[in-house]
Amino acid sequence: MENLLSLWQSTGLYNFTGGQAFMMLVGFLLLFLAIKKGFEPLLLLPIGFGAVLSNIPVAGIAEEGGLLYYLYFGIKTGMFPLLIFMGVGAMTDFGPMLANPKTLLLGAAAQFGIFASLLGALALNVIPGLEFSLKDAAAIGIIGGADGPTAIYVASKLAPDLLGAIAVAAYSYMALVPLIQPPIMRALTTEDERKIEMQQMRPVSRAEKIIFPLMLLLLSILLLPSATPLIGMFALGNLMNACGVVDRLSQTAQNELINIVTIFLGLSVGSKLSAHAFLQIETLGILALGAVAFAIGTASGVLMAKVMNRFSDTPINPLIGAAGVSAVPMAARVANKIGLESNPHNFLLMHAMGPNVAGVIGSAVAAGVLLSLVK
Amino acid sequence: MENLLSLWQSTGLYNFTGGQAFMMLVGFLLLFLAIKKGFEPLLLLPIGFGAVLSNIPVAGIAEEGGLLYYLYFGIKTGMFPLLIFMGVGAMTDFGPMLANPKTLLLGAAAQFGIFASLLGALALNVIPGLEFSLKDAAAIGIIGGADGPTAIYVASKLAPDLLGAIAVAAYSYMALVPLIQPPIMRALTTEDERKIEMQQMRPVSRAEKIIFPLMLLLLSILLLPSATPLIGMFALGNLMNACGVVDRLSQTAQNELINIVTIFLGLSVGSKLSAHAFLQIETLGILALGAVAFAIGTASGVLMAKVMNRFSDTPINPLIGAAGVSAVPMAARVANKIGLESNPHNFLLMHAMGPNVAGVIGSAVAAGVLLSLVK
Amino acid sequence: MENLLSLWQSTGLYNFTGGQAFMMLVGFLLLFLAIKKGFEPLLLLPIGFGAVLSNIPVAGIAEEGGLLYYLYFGIKTGMFPLLIFMGVGAMTDFGPMLANPKTLLLGAAAQFGIFASLLGALALNVIPGLEFSLKDAAAIGIIGGADGPTAIYVASKLAPDLLGAIAVAAYSYMALVPLIQPPIMRALTTEDERKIEMQQMRPVSRAEKIIFPLMLLLLSILLLPSATPLIGMFALGNLMNACGVVDRLSQTAQNELINIVTIFLGLSVGSKLSAHAFLQIETLGILALGAVAFAIGTASGVLMAKVMNRFSDTPINPLIGAAGVSAVPMAARVANKIGLESNPHNFLLMHAMGPNVAGVIGSAVAAGVLLSLVK
Amino acid sequence: MTEMMSNGVELMFAGMGIVFLFLTMLVGAINLMSSLVQRFFPDMPVMGAIPTVSSGIDKSIIAAIAAAIHQHRHKHK
Amino acid sequence: MTEMMSNGVELMFAGMGIVFLFLTMLVGAINLMSSLVQRFFPDMPVMGAIPTVSSGIDKSIIAAIAAAIHQHRHKHK
Amino acid sequence: MTEMMSNGVELMFAGMGIVFLFLTMLVGAINLMSSLVQRFFPDMPVMGAIPTVSSGIDKSIIAAIAAAIHQHRHKHK
Ligand code: NA
Ligand code: NA
Ligand code: NA
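Protein chains in written order, with our numbering: chain A, 1 to 375; chain B, 1 to 375; chain C, 1 to 375; chain D, 1 to 77; chain E, 1 to 77; chain F, 1 to 77.
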């Protein structure tokens with residue numbers, strides 16, 4: 001009898017707190033979005049699952065002695081996001097950007113979303129109950145970088161408590177890029193601008209592709225050492241792929257290694273989706289600001305492209321500016337799609353890949369600025 | 001001269017203890033069983049090798065500073081068995097079980113082997129020199145679950161000293177399933193029963209396969225949180241495979257990741273095969289009880305199937321009950337083979353896969369009970 | 001204004017020390033050698049990149065909290081070199097050596113390079129400013145083993161400060177084998193000797209290939225336990241491959257696992273290329289002694305082969321003695337090439353593979369001696 | 001019977017009870033779920049991509065196969 | 001405006017400034033690099049091995065392909 | 001000669017001695033083993049499975065190859 005009581009007292013049903021139940025629903029919602037809606041499933045499926053596992057009462061899977069507690073070490077040390085960034089580097093082709101380097105400026109402009117939402121977070125402090133520190137605001141702003149590993153890396157350093165919400169916002173909005181960007185792109189461009197055809201790109205030699213990651217790293221070393229963990233691992237992956245002499249390492253970095261780390265990273269991020277940290281009014285602020293960041297980044301990219309089109313000797317379709325937020329390759333595809341609506345013979349995909357990968361560099365640079373100036 | 005003496009004194013020959021020599025022989029025996037007899041070679045080869053390495057005098061490979069000492073961390077934290085369980089989940093097809101859910105009860109019945117041998121272990125305490133605590137007995141009983149990662153997970157939590165012997169017993173008896181089960185199955189069934197043909201199964205939709213792992217996890221959360229590390233990782237693997245949107249993660253979980261972890265887990269388990277822990281009369285008890293557990297589990301499964309056949313509206317061949325012990329897919333193949341002997345047109349394989357995978361769930365549930373009630 | 005100053009003070013440009021700048025150049029030189037000259041790129045590319053990353057001012061990537069600091073744990077525990085050695089073992093075919101076991105003695109003779117350069121290092125202590133301890137000298141000598149993981153394993157135990165220089169020397173000279181060895185081989189052999197054709201080898205049975213790694217391990221256990229971590233992991237890999245029943249583990253050990261560990265090991269080794277440790281007169285000594293070690297090892301192998309040819313009933317081409325240094329399979333290819341120059345129908349490749357893999361065993365044995373006698 | 005033994009017996013009953021309770025509830029849940037799925041999503045479109053050649057095979061392998069086939073075709077002529 | 005807010009504004013200017021500075025310098029560096037490469041190494045030979053079938057594909061796969069082709073050829077005759 | 005130097009010389013003799021002792025014993029052991037294997041298991045049946053297409057290649061790759069061949073056969077007709 002006593003035993004039965006103790007059994008009943010050890011069930012999840014008996015021990016559930018409202019917060020845990022709610023967070024578990026959030027986890028299941030993420031699984032639904034990942035599986036049924038196709039929202040960045042590679043990340044949101046393990047994140048959602050991690051959220052479910054870490055909110056199970058009694059089991060303590062995210063507490064000392066539990067699996068997710070140990071896995072989280074890979075985020076605390078920065079190892080997981082950096083290894084993923086290495087794999088992403090190995091998958092990235094800088095060819096289109098090297099053929100038309102001025103598109104890098106579009107990747108710069110789109111980072112305005114980061115700093116605007118940082119300011120927005122600070123402004124939200126006027127709402128009673130909201131208290132974002134400068135570190136919190138910086139970690140929230142980085143959602144606007146539209147780059148998962150960068151956002152997780154920065155958040156784990158500046159605001160580990162907000163990590164769960166920030167990662168979820170970053171990946172969700174990346175999945176929503178095809179919904180968020182088009183109205184902004186249409187509002188800021190004229191039909192004629194959207195019809196602009198761009199010149200065919202020159203081929204880029206292998207030597208340029210090998211030298212570029214080293215040059216990028218060198219510039220970051222000289223100007224912004226705080227960005228070098230991110231940019232360094234990205235450049236390493238890119239170099240391994242471009243140089244052609246370590247293909248077996250490059251293949252492993254892009255496949256098995258990134259897959260293993262993705263599972264671990266997702267589960268660990270999910271373990272930060274605890275009721276304690278997530279069920280705060282702050283989370284609503286983060287979700288709102290993340291959307292704002294994406295919108296402002298998109299707009300800045302498009303406007304910058306319009307400016308550049310005016311001063312450039314070769315035509316630039318302003319739509320490709322939107323790809324500057326990164327969210328590779330989704331944002332480039334969106335630019336291509338909107339372009340085709342106005343001009344069915346106008347394939348912008350390759351032209352948009354330049355600003356798209358430039359956006360990855362841009363947000364890593366912005367991350368370096370935040371890590372170095374926000375103390 | 002002095003140097004030569006010191007050299008001689010540093011050889012293995014000089015430093016061997018009888019226990020180390022004996023355990024090394026055990027290691028070589030395991031290698032022989034794995035390679036020449038095909039006993040679960042994926043696990044018993046690294047376990048045997050780990051046993052050899054950890055019993056080398058002077059070298060201290062399983063002591064602080066040695067490789068196996070560090071690898072063992074992956075067992076102590078539960079990480080290795082849980083990751084293997086995730087991979088197994090990704091390889092498991094619940095289709096046959098979902099088509100005929102009542103076969104789950106066969107997977108339940110076969111767990112009686114676990115609790116019977118737990119009792120047996122306690123009963124053996126009457127023998128002078130044997131002293132199994134309740135924790136020891138629970139860890140020994142789990143051998144009857146016929147599931148490697150579950151046994152290792154439970155033993156590492158309840159009785160780490162017995163881990164080596166328990167893992168060896170579990171995998172050895174799994175390899176011996178084609179010898180242990182048939183006589184019991186024949187003794188408990190009539191020729192007519194063995195001839196029973198079962199109805200063809202309905203096809204199972206993708207949606208059911210996606211929802212099932214989540215439902216399984218949810219039930220375990222509500223009823224038995226202590227089983228959720230095991231069931232959770234199993235469900236994660238299964239969901240990754242079933243959902244079809246994260247194939248690259250699922251492939252990695254079933255291949256490279258499980259392979260890497262299998263090597264590490266095997267070596268670490270082997271490192272627990274030290275003379276100190278293994279050369280005890282307890283080990284003989286463990287080996288004897290393990291065999292008993294398999295036999296009783298098989299018998300319970302068959303008897304349960306006979307009972308169900310009496311009350312079911314569709315015929316159930318009692319042979320498939322034996323597959324309820326898990327030991328996937330060996331036990332299902334045994335059921336199929338014995339069935340074919342009596343009726344050469346009766347293919348039971350698919351029907352036996354239902355109870356077979358149900359046995360995995362059943363033993364994970366039993367593991368949860370033990371982890372939660374045995375303190 | 002103040003902010004701008006603080007920004008400037010956080011740049012790499014402001015913080016660079018001369019030593020860091022120089023070591024970064026060393027890193028870029030290694031990248032150049034790896035990519036453009038094809039010097040062991042699988043290792044030297046990550047080592048070079050690690051050197052660059054760890055010498056970035058301010059960023060602290062190799063200091064506590066940085067990625068390379070955590071990765072280095074895998075070297076400190078010996079885990080990385082041992083796992084690579086396991087993968088190398090899985091890739092090694094002992095067939096040619098088993099067909100002609102006396103070629104093992106060539107692998108023994110070539111280890112003289114190790115001990116000669118050890119003595120050389122001690123002799124260099126007469127130069128003011130140079131102070132090699134016996135441990136340092138032993139770690140330097142092991143470069144002559146021409147085997148990367150062995151050198152890294154030994155150096156990490158005996159002289160972690162010299163690890164960077166030693167690993168760089170070992171891999172660089174392995175890449176230079178086609179330049180270093182031929183003149184020595186030509187100088188020590190006559191045209192007639194180089195023309196010697198060897199008898200075709202008998203086929204080796206699978207059983208022999210399975211038993212060999214176990215026998216090797218057993219001998220090492222009995223005679224030289226200090227070599228068993230290296231020889232044990234090598235034998236494990238080799239057994240996994242030879243036995244044919246754990247192919248999925250063997251494939252993973254030779255591919256994904258070794259690739260992942262190679263990236264991590266390279267970066268960690270590179271992180272030991274700090275100005276503090278590398279910009280010492282010792283480093284020049286290490287580089288000089290490394291070259292001497294390779295030369296002496298080559299010469300000893302060739303001379304041993306000449307002696308053996310005199311006493312053997314079957315002819316032995318002295319060129320295959322040079323392959324005894326290991327540097328698999330480069331040294332065997334060099335022997336083949338030089339042989340073809342004198343006799344275009346004389347294919348020595350398979351005959352040279354015997355001493356070549358024997359050299360791996362020989363240097364692991366020598367490593368065991370050093371680890372056991374140098375305190 | 002020692003106290004430990006009686007603990008063991010109790011554990012056996014509790015254990016088998018929970019195992020059966022758990023799996024019986026799972027049977028019920030599956031039956032319910034399956035009937036709901038079959039009623040409301042009879043021809044549920046396959047989600048995500050059809051799991052054809054899994055993404056685990058990287059492009060280079062496909063390329064290698066294609067190259068092999070190509071070469072073969074030429075030799076074969 | 002609070003102090004934090006003014007910090008934020010300062011951060012925004014510094015941040016966007018550095019981002020533009022960095023990427024503008026990168027544009028310059030790329031242009032310089034590309035023109036140097038195109039001038040001095042116009043037909044730069046491909047370094048290392050031609051990245052044909054990547055070394056990531058292990059030999060056994062190639063063997064499998066070869067075997068498949070071989071078998072096919074025989075069946076096909 | 002310093003003490004360290006004499007230690008080094010001693011180490012050299014001990015080291016080369018052990019290396020030769022070890023490898024000579026290994027030669028003996030191999031010869032013994034090979035003759036035993038050849039005498040007692042002359043046609044030793046291959047253990048385990050024949051190491052054909054390794055299990056490392058997962059089924060989907062085989063499927064891809066099969067599909068490629070199949071497609072090729074059709075195009076080829
Ligand atoms: Na970005
Ligand atoms: Na079971
Ligand atoms: Na060697």
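If you're looking for bench data, these hints aren't it; they were derived computationally from the structure. Heads up, some of the hints might be wrong.
Stated by the list, open to error - Short derived list, chain C residues pointing at chain F, Cβ under 10 Å:
id	residue
1	Gly74
2	Ala207
3	Leu287
Claimed, not checked - In silico DSBU-like pairs for lysine-lysine, Cα to Cα no more than 30 Å straight-line:
id	chain 1	residue 1	chain 2	residue 2
4	C	Lys36	A	Lys209
5	B	Lys337	B	Lys36
6	A	Lys36	B	Lys337
Stated by the list, open to error - Covered stretches of chain A (chain B as the covering partner; in silico rule of three or more C-beta atoms under 8 Å from a C-beta of chain B):
id	stretch
7	56 to 68
8	358 to 365
A virtual CB, placed ideally from N, CA and C, is assigned to each residue, including glycine.
These are the hints, each one checked on the structure:
no.	hint	result
1	Gly74	violated (24 Å)
2	Ala207	holds (5 Å)
3	Leu287	violated (20 Å)
4	C:Lys36 - A:Lys209	holds (14 Å)
5	B:Lys337 - B:Lys36	holds (23 Å)
6	A:Lys36 - B:Lys337	violated (41 Å)
7	56 to 68	holds (count 8)
8	358 to 365	violated (count 0)
Consistency with the previously given hints fails for numbers 1, 3, 6, 8, ordered from lowest to highest.
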